[in-house]
Amino acid sequence: MAESENIVIETAEKIFADLADAQEINHDKTGAWTAPLWQALTDAGLPLAWVSEELGGAGASLADGFAVLGAAGRFALAVPLAETMLAGWLLAQANIASPGGEMTVAPAGPKDRITQNPDGMLSGRARGVPFAKAAKHVAVLAHGVGGISIALVDAAELRIESGLNLGGDHSDTVIFDNVAPKISKPAPAGFDQTTLMLMGGVVRSLQIAGALESMLDISVKYSNERVAFEKKISKFQAVQHNLAKLAGESAAALAAATSAADAIASASAFDDAVFLEAVSAKIRCAEAAEKGGAIAHQVHGAIGFTIEHILHRYSLRALAWRDDFGSESFWAVELGNRIVARGADELWPLVASR
Amino acid sequence: MTAALRFDPIRLPGECEQLRKEVRAFLAEEIAGGTFNPFKPNREDIDVPAFCRRVGERGWIGMTWPKKYGGHERSFLERYVVTEEMRVANAPTRRFFVADRQSGPILLKYAPEHVKMDILPRICRGELCFSIGMSEPNSGSDLFAAKTRATKTDGGYLINGTKIWTSSAHIADYMIAIFRTSQPTKENRRHGLTQFLVKMKQPGIKVNPIEQITGQFEFNEVVFTDHFIPDDHVLGEIDGAWKQATSELAYERSGPERFLETYYVLTELVRAVGDKPDTRSAEGIGRLVAQLHTMRRMSVSVAGMLQAGKEPVVEASIVKDIGTVWEQQLPHRVRELAAFVEEDAGNRETLEAQLAFAIKTAPKLTIQGGTTEVLRGIIARGLGLR
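Those protein sequences? They're chains A and B, same order as listed. So the first sequence is residues 1 to 354, counted in our numbering. So the second sequence is residues 1001 to 1386, counted in our numbering.
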């Protein structure tokens, strides 16, 4: 993935740099920055990057889309790009065309369940749905008598209880009270809620890894500027070693996330190996968000604890993203159970298969 | 963005899987034949020259080296597979591993042709054991404080001084060591050390084993008294060893041996837990496996960079830092997770014996081959902090 050679990623990075600069957004209390940013992303075809041209999208590869989301993480992007991409991808699984505008997906956690009644109506509750308040449509994975279906729902039909995640982005409860979808179709064989959670988890892992890259970057820069005890704090060994640990956490997150993204992009099915890759990424990136973010704050001292400084845009979002599509604790239990079910002597062959 | 943090998702190519099968079959045969017990990493000072020769016969030592020197011109990724399978099986690789990992590559780069032709094929056949003479009684992490002198004499050098913590020196046929040939200069305190090939078991070399807290005798004190080394055993530039140290580190620091040293306790924990884990042990195992998988992906990525001819010194240091801290903590985490395992787990005794050994082994893992502090210093330099 040589990023500089890829037009999709280059375009995305240029838009982020021009219209999603953390410093400018942080000073803009009006939210006026979102409209031009979303318009530019839409003009570039990025929200529907994972939707084929026949279904109304840009038809980019999974790999390119993942790389765009890693870049979005580096900018701590606070518009529903990842959510709309994911929604378009979900709908495309059932050959449902994507409408324009912001979308999100429900459910956004492994424990919530939306049911499709025999008459086709949807009921249930999905918590922690990212950007539901901003979405025009919601792509839904529902359990029905005939199996799993994928549906497109007009957000106006839904009851949405507003909430905010740690990063201050919308994370809402969406209630399906016997709602008629605009369209619903059966999910392809083998596609279930776990598949959606794994895909969403890898997306969040890439975003966390990207945020950590930026946290490392701004922490290194700050340590080379800030003077204390008559020298730059980057010259103190204790600070150097903390930053080296942050580099390690950032590298581990990036390695886990890009490996999982690569695994999904090149796999034909969500098998045990993809499961290992995807949940490992979510677990390891969540751990890195905690450990790495703490170091970034430690290096910045009090200034990094102010709302005026941009650090929180990365640190708090990275922490918030841990909760979406299954927390690291949830997935660790699932992974542990699978490992144990395979047996002790099958652990190494599984690890070595990647 | 920081260039040091690229860990591209390199995959092991298809030919590696056939090789992996061959290595597993070979190791199963060796275990069945009683060469070693995979459940007993704490065996007595096991030294099995015959095993090493059989590994050599398979072509698994010096795999990446030119055929001209007995090597096999295979990839770093193929070597990676052999290394990790041997490590996970607790195979007794000590006798050949140092030569395979770093002494051989140094000789390839710096030794005169006739020395290469003499020694490298014997390494590949599994006949030679190497040790590394770096630390001295007053020079550990501070490599460039080494004082053991190499004084020019007719046709070579006379060595006087002491190396210490030298792993395998008591069984080694050769050592690659740094000795002082000049004093450091004001401008460069690293100046004045030269790398030498030392033939062991010769007059003027006395090896004194040192007992470790595990009860093993792996490392030694090596005392040189007017030991003669011929001119053609100088490796590289006189007084310039400091220029040669860096590329070696990428090989030494990023391999699977840097996070798999205590892996066996994780396998036994999974066995002890059985098929009905409580939530606590399931979560604990899940997290450990996620961490292990991530490190392995990083380590394979570095092997891919080596294969591509890069010198990923910072990336390798990150792998070793994270890897060794992990393998050091692993036995403690496993001990905690095993606390509520049924008393009648079939492998309880095996697990307890392994834990006792792994917990005693743990402290050395973040010291040997570059301490955590040294590694973080290298990473910090890579970040532009020093």
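FYI, nobody ran anything at the bench for these hints, they're computed from the structure. A quick note: this is a predicted structure, and the numbers were derived from the prediction, not measured. Any given hint might turn out to be false.
[As the list claims (entries may be wrong)] Derived lysine-lysine pairs resembling DSSO-like cross-links, with alpha carbons at most 30 Å apart:
| no. | chain 1 | residue 1 | chain 2 | residue 2 |
| --- | --- | --- | --- | --- |
| 1 | A | Lys235 | B | Lys1186 |
| 2 | B | Lys1152 | B | Lys1201 |
| 3 | A | Lys221 | B | Lys1310 |
| 4 | B | Lys1276 | A | Lys232 |
| 5 | A | Lys235 | B | Lys1360 |
| 6 | B | Lys1276 | A | Lys231 |
| 7 | A | Lys232 | B | Lys1152 |
| 8 | B | Lys1206 | A | Lys291 |
| 9 | A | Lys111 | B | Lys1147 |
| 10 | B | Lys1201 | A | Lys235 |
| 11 | B | Lys1364 | A | Lys235 |
| 12 | A | Lys291 | B | Lys1147 |
| 13 | A | Lys235 | B | Lys1276 |
[Claimed, not checked] Label-pair distances were calculated between CB atoms; the ranges are:
| no. | chain 1 | residue 1 | chain 2 | residue 2 | range |
| --- | --- | --- | --- | --- | --- |
| 14 | A | Phe305 | B | Asp1275 | 25 to 31 Å |
| 15 | B | Arg1280 | A | Ile175 | 29 to 35 Å |
| 16 | A | Arg226 | B | Glu1342 | 40 to 46 Å |
| 17 | A | Phe305 | B | Glu1237 | 47 to 53 Å |
| 18 | A | Asp345 | B | Lys1199 | 57 to 63 Å |
| 19 | A | Arg159 | B | Glu1349 | 48 to 54 Å |
| 20 | B | Thr1371 | A | Glu10 | 54 to 60 Å |
| 21 | B | Arg1280 | A | Asp345 | 51 to 57 Å |
The beta carbon of each residue, even a glycine, is placed where N, CA and C say it ideally should be.
The hints, checked one at a time:
no., hint, result
1, Lys235(A) <-> Lys1186(B), "22 Å, holds"
2, Lys1152(B) <-> Lys1201(B), "22 Å, holds"
3, Lys221(A) <-> Lys1310(B), "27 Å, holds"
4, Lys1276(B) <-> Lys232(A), "54 Å, violated"
5, Lys235(A) <-> Lys1360(B), "35 Å, violated"
6, Lys1276(B) <-> Lys231(A), "57 Å, violated"
7, Lys232(A) <-> Lys1152(B), "45 Å, violated"
8, Lys1206(B) <-> Lys291(A), "48 Å, violated"
9, Lys111(A) <-> Lys1147(B), "65 Å, violated"
10, Lys1201(B) <-> Lys235(A), "46 Å, violated"
11, Lys1364(B) <-> Lys235(A), "28 Å, holds"
12, Lys291(A) <-> Lys1147(B), "41 Å, violated"
13, Lys235(A) <-> Lys1276(B), "51 Å, violated"
14, Phe305(A) <-> Asp1275(B): 25 to 31 Å, "47 Å, violated"
15, Arg1280(B) <-> Ile175(A): 29 to 35 Å, "34 Å, holds"
16, Arg226(A) <-> Glu1342(B): 40 to 46 Å, "54 Å, violated"
17, Phe305(A) <-> Glu1237(B): 47 to 53 Å, "51 Å, holds"
18, Asp345(A) <-> Lys1199(B): 57 to 63 Å, "43 Å, violated"
19, Arg159(A) <-> Glu1349(B): 48 to 54 Å, "59 Å, violated"
20, Thr1371(B) <-> Glu10(A): 54 to 60 Å, "42 Å, violated"
21, Arg1280(B) <-> Asp345(A): 51 to 57 Å, "23 Å, violated"
The structure fails to meet hints 4, 5, 6, 7, 8, 9, 10, 12, 13, 14, 16, 18, 19, 20, 21 from the earlier list, while all remaining hints are met.
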